[in-house]
Amino acid sequence: MDFQLTEEQSFFKKTVADTIDKIVAPRSQEIDEKDEFPWELWKEFAKLGYLGLRYPEEIGGLNADKIMSMTFYEELARGSVGFAQSVIMNSLMGTYFIYRFGSDAIKERCLYPAIKGEKIATICFTEDQSGSDLGATRTLAVQDGEGWRINGTKMWITNGPICDFCTVLATTDPSKGLKGLNFFLVEKGTPGFSSGQIIHKLGCRGTVTGELVFDNVWVPYENLLGEEPGKGVFYVGDILDEVRLMTGSMALGIATGAYREALEFARKRVAFGQPIGNYQLIREKFADMDTIMNAARLMIYYGSWLLENNMDCRIVAAEAKMYATETCLKVVDELTRIYGANAFAYEYKSQRYFRDARFLLYGGGTHEVLKDFIGKAIIGKL
Amino acid sequence: MKILVFIKQVADTEARILIKSDKKSLEIENKYNMNFFDEFAVEEAIKIKEKSKETTVAVCTYGPKRAVEALRTAIAMGVDQAFLLENNNLNGDDPLITAKILAGFAKQEGFDFILCGRQAIDDESSNIGVMVAEFLGIPHVSSIMKLDIIDEKKALVESEIEGGRETIEVQLPALFTVQKGMNEPRVPLITGVMKAMKANIPFIDPYSLGLTREMIDTCAAKTNVLCYEAPQERPPVRIIEGNTPEEKVKGLITILKEEAKVL
Chain H
1 MDFQLTEEQS
11 FFKKTVADTI
21 DKIVAPRSQE
31 IDEKDEFPWE
41 LWKEFAKLGY
51 LGLRYPEEIG
61 GLNADKIMSM
71 TFYEELARGS
81 VGFAQSVIMN
91 SLMGTYFIYR
101 FGSDAIKERC
111 LYPAIKGEKI
121 ATICFTEDQS
131 GSDLGATRTL
141 AVQDGEGWRI
151 NGTKMWITNG
161 PICDFCTVLA
171 TTDPSKGLKG
181 LNFFLVEKGT
191 PGFSSGQIIH
201 KLGCRGTVTG
211 ELVFDNVWVP
221 YENLLGEEPG
231 KGVFYVGDIL
241 DEVRLMTGSM
251 ALGIATGAYR
261 EALEFARKRV
271 AFGQPIGNYQ
281 LIREKFADMD
291 TIMNAARLMI
301 YYGSWLLENN
311 MDCRIVAAEA
321 KMYATETCLK
331 VVDELTRIYG
341 ANAFAYEYKS
351 QRYFRDARFL
361 LYGGGTHEVL
371 KDFIGKAIIG
381 KL
Chain E
383 MKILVFIKQV
393 ADTEARILIK
403 SDKKSLEIEN
413 KYNMNFFDEF
423 AVEEAIKIKE
433 KSKETTVAVC
443 TYGPKRAVEA
453 LRTAIAMGVD
463 QAFLLENNNL
473 NGDDPLITAK
483 ILAGFAKQEG
493 FDFILCGRQA
503 IDDESSNIGV
513 MVAEFLGIPH
523 VSSIMKLDII
533 DEKKALVESE
543 IEGGRETIEV
553 QLPALFTVQK
563 GMNEPRVPLI
573 TGVMKAMKAN
583 IPFIDPYSLG
593 LTREMIDTCA
603 AKTNVLCYEA
613 PQERPPVRII
623 EGNTPEEKVK
633 GLITILKEEA
643 KVL
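Quick note, the sequences are listed as chains H and E, same order.
With my numbering applied, the first sequence corresponds to residues 1 to 382, in that order.
With my numbering applied, the second sequence corresponds to residues 383 to 645, in that order.
In case anyone wonders, no lab produced these hints; they're calculated from the structure.
Hints should not be assumed to be uniformly reliable.
Here are the simulated BS3-like pairs of lysine-lysine, each with C-alpha atoms no more than 30 Å apart in a straight line [what the hints assert, rightly or not]:
#1 E:K639 - H:K107
#2 H:K268 - E:K429
#3 H:K107 - H:K188
#4 H:K14 - E:K429
#5 E:K535 - H:K268
#6 H:K34 - H:K47
Input sequences plus hints: build the corresponding full structure.
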């Protein structure tokens, strides 16, 4: 069993980390303070070509393996969570179903420009009454002539208010619950499609998150992203493991950034005549943090390896997401304790890690839902 | 036109470096980068190559196996080839030996001109480029800030001197050491990174360059590290207390007057 990254993967990780340190991290404080989408950074970053990382070379991607993709998500989040969310939406969730099921014309209009950063993508799952409970989706798509008519409102949509197109989850048959779900493509400019309220968030600032409204939106048949109606829930399963591992990787990135801040502070901050890093209880904190971060990293890499090799990773991906998130929350908490009262001031970075980490509890599934899923998968049907 | 660039892999500026108990060697945290000044040399070579299709850029380093990473970074930026002159069982620190090996490689590989950083940020010896030029019998200009290749035989350079800049016309082949600020080293595109990941980088034995044991073995070193000493420890950071900026400023002035005695 070889636990090392390959030479290629190590080089990739270092290069991505250096790139993030050069062009993203220095702007992270400003992105958080202004809470505006950083268009200039977006253009500069898009030129580097990372947005197509996971897609095949034939369509302008880079055919990266899953470890490399997870490394990318981790380093992005370490640099700026707000920016990372928008980038990852374009690189993964916002474009995946277009890649899988979009016609050539749809791919030309949406996918290829999105992975060049020329268009902004998003995916719409959540509604005010349905987050984890996808079966409660109310956004309805009804056949109308040579297409579909969609009505509903989606919430908590990352990139929503600035998107050029979205993949929207809608039901074609509410009586069937999960089996009535489908994905549709809706593009900006389609009559009835508009942006609603913007949500001002505790963390992940810089990413624009809000409501999307579908008011009698008509789309042609080809905009159904799937082989036939009713298969949406199965397609979600295809990407869910990757999304969970991605969220875990972001958790690892935030934790790593927070950990490094804590380490630097512990080495420099003097109390009672010596650096606080000399005190046992501070050392204990680092021992605990390093232990759980190493464990989280191994779980993420294991899940990524399973996914890369097309092996069943549903349980490991869910566990990795949960564990990495709880690890991150522990690490950012310890950072604020090590910082003392300074952690309570906006001028120090510690408060940003603390705020940004909270979103991890919701993205990729709440832990209450995940635990139930894992327990059910392990125990089986009784 | 063929441009040769010398680079060095050095410890990251944030790597922890400890002096070992024998005081003659260092324990360096495993974080390394391409030498800061060499990045400008690589960038300048690539910029020249981009202006002319017939120009190629080769980069080489004399160092341990891990230095391959620095070479990959250069490939990711856009150089065409990279070579590692492996310092297996050879002295890796003496500037004279390093210069002989690099010169040996340059002679074998061929070049129209050579670029390298003005100095390495670890030992700051600032003499390897110049010594290589002497071994090769070619002109050199140090600390250049601007480089115009007129044709295959001539270049015009601006180099930094005290109080200004000097413009010099130089016959090629020549060697130029590059000063920081000459350009803005590019962030590699992902396509470059992927290419670098897959690149085959030959490892070259310095003895295969027509160099003898007497020329490059440890006995040939002209420098010998007697000991390392840590710089004087800076006093710990002190955070000025105060509830308002005004209070903090008053506290700082008091300290500067009464403790540091600089006001």
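Check: For the pair supplied as a hint, K107 (chain H) and K188 (chain H), is the alpha-carbon distance within the 30 Å limit?
Finding: This hinted pair holds, its Cα atoms lying about 15 Å apart.
Next item on the list: Take the C-alpha atoms of K268 (chain H) and K429 (chain E), compute the straight-line distance between them, and say whether it is at most 30 Å.
Entry: Measuring from Cα to Cα gives roughly 42 Å; hence the hint is violated.
Margin query: Check whether the Cα positions of K535 (chain E) and K268 (chain H) lie no farther apart than 30 Å.
Written below: 55 Å, violated
Next item on the list: Could you grab the alpha-carbon distance between K34 (chain H) and K47 (chain H) and see if it respects the 30 Å cut-off?
Entry: Measuring from Cα to Cα gives roughly 23 Å; hence the hint holds.
Check: Given the hinted pair K14 (chain H) and K429 (chain E), is their alpha-carbon gap at most 30 Å?
Finding: 24 Å, holds
Notebook entry, point to check: Between K639 (chain E) and K107 (chain H), does the CA-CA distance stay at or below 30 Å?
Noted result: 69 Å, violated
Taken one by one, the earlier hints fail for this structure at numbers 1, 2, 5, listed in ascending order.
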